[in-house]
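Undergrad: Here's the letter readout for the chains.
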Amino acid sequence: MSSCSGFAVAITGEITMFRKVLIANRGEIALRVLRALRDLQVLAVAIYHHDDRHSPVVALADEAVEIVGDSPTAAYLDTAQILAVCAELGVDAVHPGYGFLSENAGFARALAAAGITFIGPSPDVIDLMGDKITSRDFVTSLGVPVPPSITLAADTPQFVERAAELGFPLVVKASAGGGGKGMSIVRGVGELAGTLRVAASEAQKYFGDNRVYVERYFASARHIEVQVLGDGRNVVHLGERDCSVQRRFQKIVEESPAPGLSPAKREEICAAAVDIARAAHYASAGTVEFLYTDSGEFFFLEMNTRIQVEHPVTEMVTGIDLVAAQIRIAAGEPLALAQSDIAMTGHAIECRICAEDAFAGFLPETGRVLYVSAPGGDGVRFDSGLYQGQRVTTAFDPMLAKLIVHGVDREQALARSRQALAGLVILGVKTNLDYLGALLDHPVICAGAADTSFVGSHSAALTVPVPTQAQLDAVLALALCSDPTMKLLGAATPDLYTTMGHWRN
Amino acid sequence: MRRIESGLNTNSALYKRYREHNLAMMADFHQRQDNARHHRPERDISRLRNQNKMLPRERLELLLDPGTPFLELSSLAAGEAYGGAAPGASCITGIGVVAGREVLINASDSSVKGGAWYPLTVKKIVRALDIAIDNRLPVIHLCDSAGGFLPLQSHLFGDKYMAGRIFRNQSQLSKLGCQQLSLVFGHCTAGGAYIPALSDYSVIVAGTGAVFLGGPPLVKAATGEDVSVDELGGARMHTSVSGTCDYYAASEREAIALGREIVMQWAQPPKFALQRETPEEPYYDPDELYGIIPDTTKAGFDMREVIARMVDGSRLAEYQPDYGTTLVCGFANLWGYKVGIIGNNGVLFNDSSLKAAHFMELCNQNRVPLIFLQNITGYMVGKEYEQQGITKHGAKMIMVQACSEVPKFTVMTNGSFGAGNYGMCGRAFDARYLFSWPNSQISVMGSEQAANTLATVKIDQLRRTGEAPDPEQIEAIRQAVLADYENQTSAYYSSSELWDDGILDPVATRNALGIAISTSLNTPFGEPRYGVLRL
Amino acid sequence: MRPQYRINGCLHEVVPKRQGHTRRIGIDGRDLDVAQVAADQHRGTLIVAGHRYAYHVAQDDGTLYIHLGGRHFEVGIVDEFQAAGRHDADGDGDLRAPMPGVVEAIYVAVGDRVAAGQPMLLIESMKLQTEIHAPVAGTVSAINVEVGGSFQRNALLVAVAAASEEHP
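Protein chains in written order, with this note's numbering: chain P, 1 to 505; chain Y, 1 to 535; chain S, 1 to 168.
Hints listed in this document are in silico derivations from the structure and should not be mistaken for laboratory results. Source: prediction; values computed, not measured. Don't take each hint at face value.
Unchecked claim - Have a look at the derived ranges for each label pair, beta carbon to beta carbon:
| # | chain 1 | residue 1 | chain 2 | residue 2 | range |
| --- | --- | --- | --- | --- | --- |
| 1 | Y | Asn-52 | S | Asp-79 | 17 to 25 Å |
| 2 | Y | Asn-9 | S | His-21 | 53 to 61 Å |
| 3 | S | His-21 | Y | Asn-366 | 27 to 35 Å |
Think of the CB as a built atom: it goes at the ideal place given N, C-alpha and C, for glycine as much as any other residue.
Isolated chain P (complex conformation) (with noise of 0.2 Å):
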């Protein structure tokens, strides 16, 4: 990955840097926090399950231990397992990276009662932005605009009626959801009572919390979100991100700065976020995400309060290290940063490689990871957690790994990436590599107009591209040339018959 400078800092006499982390995360994400704590010279600790014991943050890490659980996410999951950890090693702080544990305020509060710093927020702000409607209600006393929506109960009397008349299509999304789900659309009147009642259900299930809101959706607006950085009193923001390309709520392709966005409603929007985190004494970094609709009004969706898997797409426009940022921001350090210091270079995308049929459905594959081949070049980042022999199960996320490209201008980021894409080789497990490199080649996307309809409603221009013969044929004498039965047979056969070949008298 492209080094990013870290902050031209003053480190007063009373601040010391953490000695040792614990990486309470796996995969990419964990190499990532782990290169962070290595640029800062900070001892790091690795936790992982049984199945992630050959992951490379393992291997790399000062120390590392193996944790349990009923299943892979339940081990990443177990509080109480993790605090013992830390206890029995002396970590001084704890990184959660994304998902698990990063947005669970009880976490963060068992962490300090133990004397452990939690790499995020305080609690109270997870706890603020984590539930939606908490959230919702905050940003709208700060006169930031939301969607319209109802957040009664579900099982209110008038409740069907309100949310009828908030107008379809709508969106019925549970109160402690987040990372895009727990969020399923209601078409019509008919389906809203029994997508109310699954709903609950799931986010019971996944969240721990049955609340579900409702909100009008917006079939064809932009997703922009704003990065932040807060350390309590002073906030920066680093610009946008785009982050429209999406199937399922789950975001495929992001990119920054977002492309047709007017210097006028750039600012505004940046400026709402900052608005929001400093008014919520934000301490880390955090992302607020928009709606931006096409008669450009925008309105708040949430705030994470954790580093995004997106974050290298800001970090490549702005030479920022944000994990850092996060580190030292834990450690007491204030905000070196002016908003005057940040400048926005060139142009970035991030597309994220996932296990998955994206030409049927999206439908999650698995396999084993037989090779990996990482594509070179300038401006290609790589953020990947992969190794050869890696099982690919539906245990975790089907997300193996994000190819970041930056170029000087979004048209250069667009080529740069569709070459690093053609580059990038990922056998044994079906990917969306290919998928990934016709939407980047689709009109819609070279414009830079695409919004959240947009994978939705052009899956049927997206398809399986046809090889040509050539390149069939090359493909099946390949085969041919690999398949090891026919090896196996070509070497056990005395070489007079090869030669020959197939005769007949």
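Given chain P's structure and the hints, the job is docking chains Y and S onto it.
TA: Relative to chain P, chains Y and S alone:
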């Protein structure tokens, strides 16, 4: 090694005449072979299809490894017998490669009279198993036969080398450590049941495969018991109750897949390390053979020209080039293998007989196989030659040849008449493989000579009974005898009778011999040892 | 034996014909000359009928994963037993898993009569729950999973004997 200098003039009238004649002959040969292999009455094909069976050659192509050759043996067996009712003698034999291993294939041709065994079918199978024994080859049997052809049972049952010899050979082959696999696609009745039973491995196809000493009609007649084909000897019963067969296959394709998987487990014997170099195509074009081979056995040709179009790089280290010039011999490489070649270049004289005997000793000493290229009308006769001991020199040649410990291969390139056949390793002398060219002829003496002798005998007979024939009648008798004789000296007749292991197009000889040599290396060549040589 | 390979659901027959300086192979009946220069077991250059291609390849079980010409291919190796049709052909009433996952709930039992479209199972994958419905009307003849059990894509979950197959 020096290359043979070819003196062939491809523009000469003789070359062109021979070429035209031979191309026509080859076209005729290929047509006959094609007919024998594929030409079947529609009802025979339909019958197989209705039974859900594949054609035997379809089974073979699925069984054999892709990209490998198949050397079919005796494709024209029984071609001149039974009024043509049994092309190929209703079976297919040959050398092929399965799962990387050289195997001998013995397949019933159920598209011919249901695969019934004619006397020549038995002879062909016995010969194939003899080849397997001589060369230590594993065998795959593809069984699908209606059983013995009853009308001719007296010619296929009682004698030493008749049907029983098949099972004797299977047993001896097994004793030598050579694996046998049977794929039972159809009925194996009576003696035929022993083929899978004597095989180390067997696969039986459900619904069509059956193994029993007596079929339902025979059982009913013998004991009154009523039983179906499947109950009596079908796939399920034999693979789960009697243990006579090892694998149950739901289809023919599955049987073949199972067969290949089984062969994949077989150990391969170590090969004798015959001297070998990188193979090289002949320098001269083998296609020119068609212009070298005469259109009559009376005309000769320079055997060196034939050798030049068969061996690697057309190179020959000729032995005694200036002595005994009616016999050409020397070392060459064929498909990389070092071989000793002996070819006729005229009548055998005293010197050529001695040269041949000496050279064969050299090949035995050098552990090199012998290839005999026959074009022999006989040994020289006459007082001078007898006094110089031609008979005993010929005997020495036969003794050394017959006692040779190296593999021998014979190709009948044109004439094979009289005692010359013996010295040059004719059928009786255990060549591992013996092939004929379509133009070749074989008999105890030349046809003109024989016809005259026979006609004289017949005319004398008539005269004794008082019916003296006139010149016209004499000529007619002579012509009739000649025609009859010529028919019986033709390659097609001898191949039909299995006096050879098949007729080859001359240009196919190189590949056929390459394969033959490869299969002959499964046992070490023995120490040279001969009987008494009358010196 | 006829090597067969499956790409995007299409079967192709690819046979070696002859080995020499180059390799002659037949693809669906057409002859081509091929040469392979392998850098290691995964990478190399393939020359097919004069065109050069950089390739990557890895093999796992019966699948070859290939990267060639800037895109990925999955090639299924058809083994001889598959080609022989060893596996029972799918009946109309066979319910196969659309994706790997876990069984959340089973609504029917073996022997139940079901209508076409009737919900049979609830499965969960990637935090998405999906109901699986009977493809045809008939009787449940087999349930191959249990609640909490996990399965791979294409696993045969439930078999329904179509009404027309039932004996009177």
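Undergrad: Verify the CB-CB distance for Asn-52/Y and Asp-79/S against the hinted window 17 to 25 Å.
TA: holds (22 Å)
Undergrad: Taking 53 to 61 Å as the stated bounds, is the beta-carbon spacing between Asn-9/Y and His-21/S within them?
TA: This hint is violated: roughly 33 Å between Cβ atoms.
Undergrad: Using the Cβ atoms, figure out if His-21/S sits within 27 to 35 Å of Asn-366/Y.
TA: Hint holds: Cβ distance 32 Å, inside 27 to 35 Å.
Violated hints amount to a single one, hint 2; each of the other numbered hints is respected by the structure.
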